[in-house]
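Please work from the sequences and hints to get the whole structure.
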Amino acid sequence: SQQGEEDPQALSIQEGENATMNCSYKTSINNLQWYRQNSGRGLVHLILIRSNEREKHSGRLRVTLDTSKKSSSLLITASRAADTASYFCATGGMEYGNKLVFGAGTILRVKS
Amino acid sequence: KAGVTQTPRYLIKTRGQQVTLSCSPISGHRSVSWYQQTPGQGLQFLFEYFSETQRNKGNFPGRFSGRQFSNSRSEMNVSTLELGDSALYLCASSLEGAGEKLFFGSGTQLSVL
Chain A
1429 SQQGEEDPQA LSIQEGENAT MNCSYKTSIN NLQWYRQNSG RGLVHLILIR SNEREKHSGR
1489 LRVTLDTSKK SSSLLITASR AADTASYFCA TGGMEYGNKL VFGAGTILRV KS
Chain B
3 KAGVTQTPRY LIKTRGQQVT LSCSPISGHR SVSWYQQTPG QGLQFLFEYF SETQRNKGNF
63 PGRFSGRQFS NSRSEMNVST LELGDSALYL CASSLEGAGE KLFFGSGTQL SVL
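The listed protein sequences derive, respectively, from chains A and B.
Under the working numbering, the first residue of the first sequence carries the number 1429, and numbering increases by one thereafter.
Under the working numbering, the first residue of the second sequence carries the number 3, and numbering increases by one thereafter.
Heads up, some of the hints might be wrong.
Pulled from the structure, derived: some chain B residues nowhere near chain A, Cβ distances all over 10 Å [unchecked claim]:
id	residue
1	Thr9
2	Thr16
3	Gln19
4	Gln20
5	Gly30
6	Gly86
Derived DSS-like pairs (lysine-lysine); straight-line CA-CA distance at most 30 Å [stated by the list, open to error]:
id	chain 1	residue 1	chain 2	residue 2
7	A	Lys1484	B	Lys103
8	A	Lys1454	A	Lys1484
9	B	Lys59	A	Lys1498
10	B	Lys59	A	Lys1454
11	B	Lys103	B	Lys59
12	B	Lys103	A	Lys1498
13	A	Lys1454	B	Lys103
14	A	Lys1497	A	Lys1484
15	B	Lys103	B	Lys3
16	B	Lys103	A	Lys1497
17	B	Lys15	A	Lys1484
The hints are simulated quantities; they were obtained by calculation from the structure and are not laboratory data.
Just so it is clear, CB atoms sit at the ideal spot from N, CA and C, and this is done for glycine as well.
Shown next as structure tokens:
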């Protein structure tokens, strides 16, 4: 079962623009994470935000978490062609046991 | 530190056969999780092993099994392969546990003909 649902399913932008992806989830969480996957390869961890945090930054990435709305957003600023990938949110929480539950992902294409 | 290593990278099998996939986690990581990724179902959790014990299992039939060795290396086995088992199988290791930051291998692409 998928806990998180990403929005939009696909996003196409020009290099230099910002990209925003959203994730909604259903149950309470301990943490929410974002991962990137280049075509047919393994996932790479981007950022983890805990349920008691509201915002986190890492380089050109900014993640926000709103537990009252059960939603998170990932902002990539000044995008580059190399950012072209699929982005997944994943939730970790006691209700799902000791595992991460991944959303369906957002496909981001950055055109140069 | 070496990353998570999965072998083989590609595998082609026929229906009814069985397959074993291998995963070597990052040194010091005792938690190993397995995921199945398909275009239709996305990433689905298979199971997690920690110190040779299965701690959590996803909703997959008994044809899917796994184990972990004392050196934390893990294997997963799929018996009586079906066409629907064609997928990218991803292994991930973690220092803190399967609900925390995961380090993924490149995956094994399994095709069942």
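Against the structure, the hints:
With a closest Cβ-Cβ approach of about 13 Å to chain A, Thr9 of chain B is found to remain outside the 10 Å limit, as its non-interface label requires. Against chain A, the non-interface label of Thr16 of chain B holds: every CB pair exceeds 10 Å, the least being about 22 Å. Every CB of chain A lies more than 10 Å from the CB of Gln19 of chain B, the least distance being 23 Å, so the non-interface label holds. With a closest Cβ-Cβ approach of about 24 Å to chain A, Gln20 of chain B is found to remain outside the 10 Å limit, as its non-interface label requires.
For Gly30 of chain B, the requirement that its beta carbon stay farther than 10 Å from each beta carbon of chain A is met, with the minimum near 16 Å. Against the 10 Å criterion, Gly86 of chain B stays outside the reach of chain A, whose nearest CB is about 17 Å from its own CB. Restraint check for Lys1484 of chain A and Lys103 of chain B: the C-alpha separation of about 15 Å stays at or below 30 Å, so the hint holds. Using a Cα cut-off of 30 Å, the hinted pair Lys1454 of chain A and Lys1484 of chain A holds, with the two alpha carbons roughly 21 Å apart.
For the given pair, Lys59 of chain B sits about 25 Å from Lys1498 of chain A by alpha-carbon distance, which is consistent with the 30 Å threshold. Among the hinted pairs, Lys59 of chain B with Lys1454 of chain A is consistent with the structure: their alpha-carbon atoms are about 20 Å apart, no more than 30 Å. For the given pair, Lys103 of chain B sits about 18 Å from Lys59 of chain B by alpha-carbon distance, which is consistent with the 30 Å threshold. Proposed proximity of Lys103 of chain B and Lys1498 of chain A is supported: the alpha carbons are some 20 Å apart, at most 30 Å.
With a CA separation close to 20 Å, the supplied pair Lys1454 of chain A and Lys103 of chain B stays within the 30 Å bound. Taking the CA atoms of Lys1497 of chain A and Lys1484 of chain A, the gap is about 17 Å. The hint holds against a cut of 30 Å. With a CA separation close to 16 Å, the supplied pair Lys103 of chain B and Lys3 of chain B stays within the 30 Å bound. Taken as a hint, the Lys103 of chain B and Lys1497 of chain A pair is honoured in the structure, with Cα atoms around 23 Å apart against an allowance of 30 Å.
Of the supplied pair hints, the one linking Lys15 of chain B and Lys1484 of chain A is violated, its CA atoms being roughly 44 Å apart against a limit of 30 Å.
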